[in-house]
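S.K.: For reference, the chains in residue letters:
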Amino acid sequence: METKNIMIVGVGGQGSLLASKLLGRLLVDEGYDVKVSEVHGMSQRGGSVVTYVRFGDRVYSPVIEDGEADFIVSFEKLEAARYVDKLRKGGTVVVNTQQIDPMPVIIGAAKYPEDVIEQMEQKGVHVDHLDALSFANEAGSSKAVNIVLMGVLAKYFDIAYDKWISAIEKCVKPQFIEINKKAFELGYNSMKG
Amino acid sequence: MKQLMIGNEAVARGLYDGGCAVISSYPGTPSTEITECFSKFDDAYCEWAPNEKVATESAFGASLRGKRSACCMKHVGLNVAADPLFTMSYTGVNGGMVICVADDPGMHSSQNEQDSRHYAIASKIPMLEPSDSQEAYDFARAAFEISEKFDTPVLFKMCTRVAHSQSIVETREKATDVEKPYEKNPQKYIMAPANAIRRHPFVEERTRKIAEFSETSGLNRVEKGDGSKNFGIITSSTSYQYIKEVFGDTVSVLKLGIVNPLPEKLIKDFASSVEKVYVVEELDPIIETFCKNIGVDVVGKEMFSITGEFSQKTIAKAFGLSDKENVKVDAEIPVRPPMMCAGCPHRGLFYVLSKNKLTVLGDIGCYTLGSAPPLNALDMTLCMGASVSGLHGFNIAGGSETEKKTVCVIGDSTFMHSGVTGLINVAYNMSNSTVIILDNSITGMTGHQQNPSTGYNIKGDPAAR
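Chains C and U, in that order, give the protein sequences. With this note's numbering applied, the first sequence corresponds to residues 1 to 193, in that order. With this note's numbering applied, the second sequence corresponds to residues 1 to 465, in that order.
Pulled out of the complex, with its shape left as it was, chain C reads as follows:
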């Protein structure tokens, strides 16, 4: 199988680490060669964060370059637009419509572009957007945005629902498993696909 590329992007603190851990676990269990890459250090302080997940028969590079991503899963609107140049032609963006203002916007030095989702769609990008924060709250925790989005992503994969659930059970602390299973289900059953 040709290597598939998934990018997980967002704002430091939104839980991209758990999302990539879940994907890594699932894909290794499925028998793929897998590489997951992220840069540690600054991400805990609300900076822009990016994680690369690559899988296939044999994966070499740990990074995803311009025009290579099959999927971009974005935890925040602006971050989807920031990394969209990594998307291949015909690729899919799964995006949480939440808006988190970066520092230059907070201090009035820059403007938050309002129509980034429309702009991506105008360029022919398939954008699957949803209010993942509401779904996460419905599941029982605003922190479950990451797993709601994994539920949306799962719709595009030919991997059984139960296997995703089993990966969640292996990656999440016992007391949070139910919330995360619910969050995954809400994402999986959300409107588009």
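Mixed in with the good hints, there may be bad ones.
Stretch-level coverage of chain C by chain U, calculated; a stretch enters the list once three of its residues show a Cβ under 8 Å from a Cβ in chain U [as the list claims (entries may be wrong)]: (1) 16-28; (2) 53-65; (3) 70-81; (4) 132-144; (5) 156-164.
Pulled a few chain U residues facing chain C out of the computed Cβ check, cut under 10 Å [to be verified]: (6) His108; (7) Ser109; (8) Ile168; (9) Thr171; (10) Glu173; (11) Thr238; (12) Ser305; (13) Thr307; (14) Ser311; (15) Lys313; (16) Lys324; (17) Arg336; (18) Cys341.
What the hints contain is simulated information worked out from the structure, not anything from laboratory work. Glycine included, C-beta positions come from ideal geometry on N, C-alpha and C.
Here the structure of chain C is known, so what remains is to put chain U in place on it, guided by the hints.
M.R.: Positioned in the frame of chain C, the structure of chain U alone reads:
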């Protein structure tokens, strides 16, 4: 069992399974997780030292006593540890000793982009360099064997991409711990001139022997191409992965795992098996220069940048392959820089310093974020501890008017690391210097490690403070 591991975790596992009994380190991105992962093994000793020099000397002491030991640091940490490094090359080891150093091409979280391979050459210590987590594991185990076989410390070079990328690792059975007896040996371990003079020829002879070993070692390998391309590539580390990503099996590759000393015959044989040779290495032209010195004609830095990180795109572009089609939006995307944590008390301090238009000499730590808008509070950041000593010199040069308007800021861990010696100089040479210690009782920037000011050790047990 196959497991996904970041490179740093794989190094920790490799060191442990290779019989490492003692690790002493100072945190620094991207090296920190090696020591953190190692600290989870209950039957081995692990500590945070106040700085890299102390860590290296502690590990050396453990080796001298006969145990396998290691120390870990980031590239600039090796500057601090350079003093013991150069002379440990002369003494050699008793128990095997590994010095892990993590470079940061692209400077994701560092103040410079220095290439640690220069230290291996300058100190005449062998250096291994893995390209993924499996190699990180295997090479870490091999490092101890090389160390004891050749009576040398071994440098183990990581880089950000290998340190922080997860790939699949299969571990093997743990080696049986061997403790060597300690025997007094002044000629080997007392590096006074009379003894050191005799050790230097040993070091030169050792380098010759390791170079010979590296000619046939499995840590270096030639991968024959399928014949569809007539050129070959010499490479190491993460660059190897990018080359394979772009060219697959179409080119011949000499993939080096021992980057010091380099194998002359292996390189010459490889070069003569192909029509043209490229050297692909991040940062400085170390392999390239060696090739040219031994008369092998290679193409290197005229095609590949001496700065920054590579990727498959860098390689494809350099070889004239076309860019992949992608999408761009027209909107201007505002940057999203990291900020000081919500509720961080340093924010208030920087607000006041900035409001009073003071000159603020800074140091290494999360408070460097105080330099960004809207605080704009810093004037200088150089290296660990430099705020205090720099302020002393600034005030000596500027006199009493300068003293009133200038302060320095330094965190608790950085103060313990090397700020304290600068403060001793302030006191001894009596400059009127205002030193502000930003004590949040944790090593913040690297992800919350304990230090001598926190009252806890690496395991979370109570410690002296």
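S.K.: Against chain C, is Thr238(U) within 10 Å by beta-carbon distance?
M.R.: Nearest chain C Cβ about 7 Å off; hint holds.
S.K.: Verify the interface restraint on His108(U): the C-beta must sit less than 10 Å from at least one C-beta of chain C.
M.R.: OK, holds: His108(U) within 10 Å of chain C, min 5 Å.
S.K.: Does the nearest C-beta of chain C fall within a distance shorter than 10 Å of the C-beta of Cys341(U)?
M.R.: Status holds, d = 6 Å.
S.K.: Do the numbers back the hint for Thr307(U), that is, is its least Cβ distance to chain C under 10 Å?
M.R.: violated (17 Å)
S.K.: Against chain C, is Ser311(U) within 10 Å by beta-carbon distance?
M.R.: With a closest approach of 5 Å, the Ser311(U) hint holds.
S.K.: Taking 10 Å as the limit, does the beta-carbon of Thr171(U) come near enough to a beta-carbon in chain C?
M.R.: Violated: closest Cβ of chain C sits about 14 Å from Thr171(U), beyond 10 Å.
S.K.: Regarding the hint that Ile168(U) lies at the interface with chain C, is the smallest CB-CB distance below 10 Å?
M.R.: The hint holds - Ile168(U) has a Cβ within 10 Å of chain C, the shortest such distance being about 6 Å.
S.K.: Within the stretch 156-164 of chain C, is the number of residues with a Cβ closer than 8 Å to a Cβ of chain U three or more?
M.R.: violated (count 0)
S.K.: Are there three or more residues in the stretch 53-65 of chain C whose C-beta lies closer than 8 Å to some C-beta of chain U?
M.R.: Result for this restraint: holds, n = 6.
S.K.: Does the CB of Lys313(U) sit less than 10 Å away from some CB of chain C?
M.R.: holds (4 Å)
S.K.: In terms of beta carbon proximity below 8 Å, does the stretch 70-81 of chain C have 3 or more residues touching chain U?
M.R.: holds (count 3)
S.K.: Min Cβ distance, Lys324(U) to chain C: is it shorter than 10 Å?
M.R.: holds (3 Å)
In the structure shown, a violation is registered for the earlier hints numbered 4, 5, 9, 10, 12 and 13, in ascending order.
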